[in-house]
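Chain by chain, the residues:
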Amino acid sequence: MRNRYSVFSLIKNALSYHENWQRAWKDPTPKKEYDAVIVGGGGHGLATAYYLAKKHNMNNIAVVEKGWIGGGNTGRNTTIIRSNYLWDASAGLYDHALKIWEGLSQELNYNVMFSQRGVMNLAHNLQDVRDLKRRTHANRLNGIDAVYLSTEEVKKFCPIINTSPDIRYPVLGGTLQRRAGTARHDAVAWGYARGADAMGVDIIQNCEVKGIKRNGDSVEGIETTKGFIKTKKVGVVAAGHSSVIANMAGLRLPLESKPLQALVSEPVKPIIDTVVMSNAVHAYVSQSDKGELVIGAGTDDYVSYTQKGSHQIVEGTLNAILELYPIFSRMRMLRQWGGIVDICPDASPILSKTSIKGLYFNCGWGTGGFKATPGSGDLFAHTIANDEPHKLNAAFNLNRFVSGDLVDEHGAAAVAH
Amino acid sequence: MFLINCPYCGERDQQEFKAGGEAHIERPKQPTELSDDEWAEYLFMRKNIKGVQFERWNHAHGCRKWFNMVRDTSNDEIKAIYKMGEKPPAQ
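Chains as they are written, first to last, in the numbering used here: chain A, 0 to 416; chain B, 760 to 850.
Keep in mind that a hint or two might mislead.
Said to hold, decoys possible - Using C-beta positions, here's what the derived DEER-type ranges look like: (1) F761/B - W67/A: 21 to 31 Å; (2) E781/B - P27/A: 53 to 63 Å; (3) K777/B - N124/A: 58 to 68 Å.
Stated by the list, open to error - Derived coverage of chain B by chain A (criterion: at least 3 residues anywhere in the stretch with Cβ under 8 Å from a Cβ of chain A; other residues may be distant): (4) 760-774; (5) 795-804; (6) 835-849.
Just so you know, the hints here were simulated from the structure itself, not pulled from any lab data.
Beta carbons are placed, not taken as given, at the ideal position from N, Cα and C, and that holds for glycine.
Construct the entire structure; sequences and hints are all you get.
This is the structure we're talking about:
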């Protein structure tokens, strides 16, 4: 039985100097067989396990993770959450996630620090203005809150932005989604892990998948560094390493894995109370609760699994940040890191069955998967449990690359995430 | 970030180059005969290898010529560079 977190449990544990908190999840050794195994213990994988147990009564399942949970892209992203996507399919997918975010802390009894501080997207040229206006209209037709802001309104909403007309890429306007915001990325992984564990899910860390055993066209189990695990259903949620796992099953995916970088500054007092994104100059910034500026840079254009990335990418982003926010010119950056993102040709994810029975892939989230974590888990759990996609992820199947029915979110919607 | 030895210009910063993706993907000889599955394989499916991969690069801010590279994507170490049309080195 899992103890609930509350102000009373906080007081009680304070009396014993916080030395007797119950473990948030167990550290089990893998059983010989499970009804389903999720490969990848990031936010999406843990959410998938949580909803499989909660909504589909699949409790004899495991999550296997090669490192520690939440140690991959879940702990490396810039935590932006929004749903203002252009196309109907994307709007449905991302807004489904946003609606779950709104009640997630209560549901998990774990504070994921979801903060609806708004996300503003800036326009820097006439095509940006046309695109963002079009996207605002599309969002509103899909029931997603969106407003278009003039330059003056941008300045009023975020006064530290340089809206002078003589900068290299002047701010001509912007959009605002007020329901959007940020959350604490680690807490999302930990909250889902704790919730899944309480329902009997085995979370097995330091367990790397080495092979997928097939019998003809169906899955029989997985080879791991902790031995063979028999299972008829394998859900792969391995982000940048999806192609590596696919290769074990003899599949190829339409993915390229590239380093995406982010960086944070030294902590300072509150200066920016929203998230501002600028796709044209590729700079986006928010401020963490610790006070650090959280800045997202772009991807390198070559395939790499090094979790590093090139210096000039960071330099380009910081040039743009300084032009837009001259007030940051004397800030010192604290840390910089990279994560490996799996990018689809149409910049939309894959939540899909495959040609192999019992093998499912949840990948291709590219540079913007964090925001979708709860929705992705919910819909992928549905897909695995029913062996059929939910109507909200039906468009995100692998077969779209054969039929040509792509969900092209590249140019028209926000490129940066 | 690394140095690339352009076969035409010599060693230059990677910043001068543009990555062109997986190499040796042959254009279908009979495009009209291809099924949708085969088109998808040709257009979209990629090996995306973690390890030694064959790629095309372009010296975009230099001689603007294309060439091939053998690179280990797990540590960005370049194993070999060879010109377009040349046979890839045996691995």
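Under the constraints set out in the numbered hints, which ones does this structure not fulfil? Failing hints, ascending: 2, 3 and 6.
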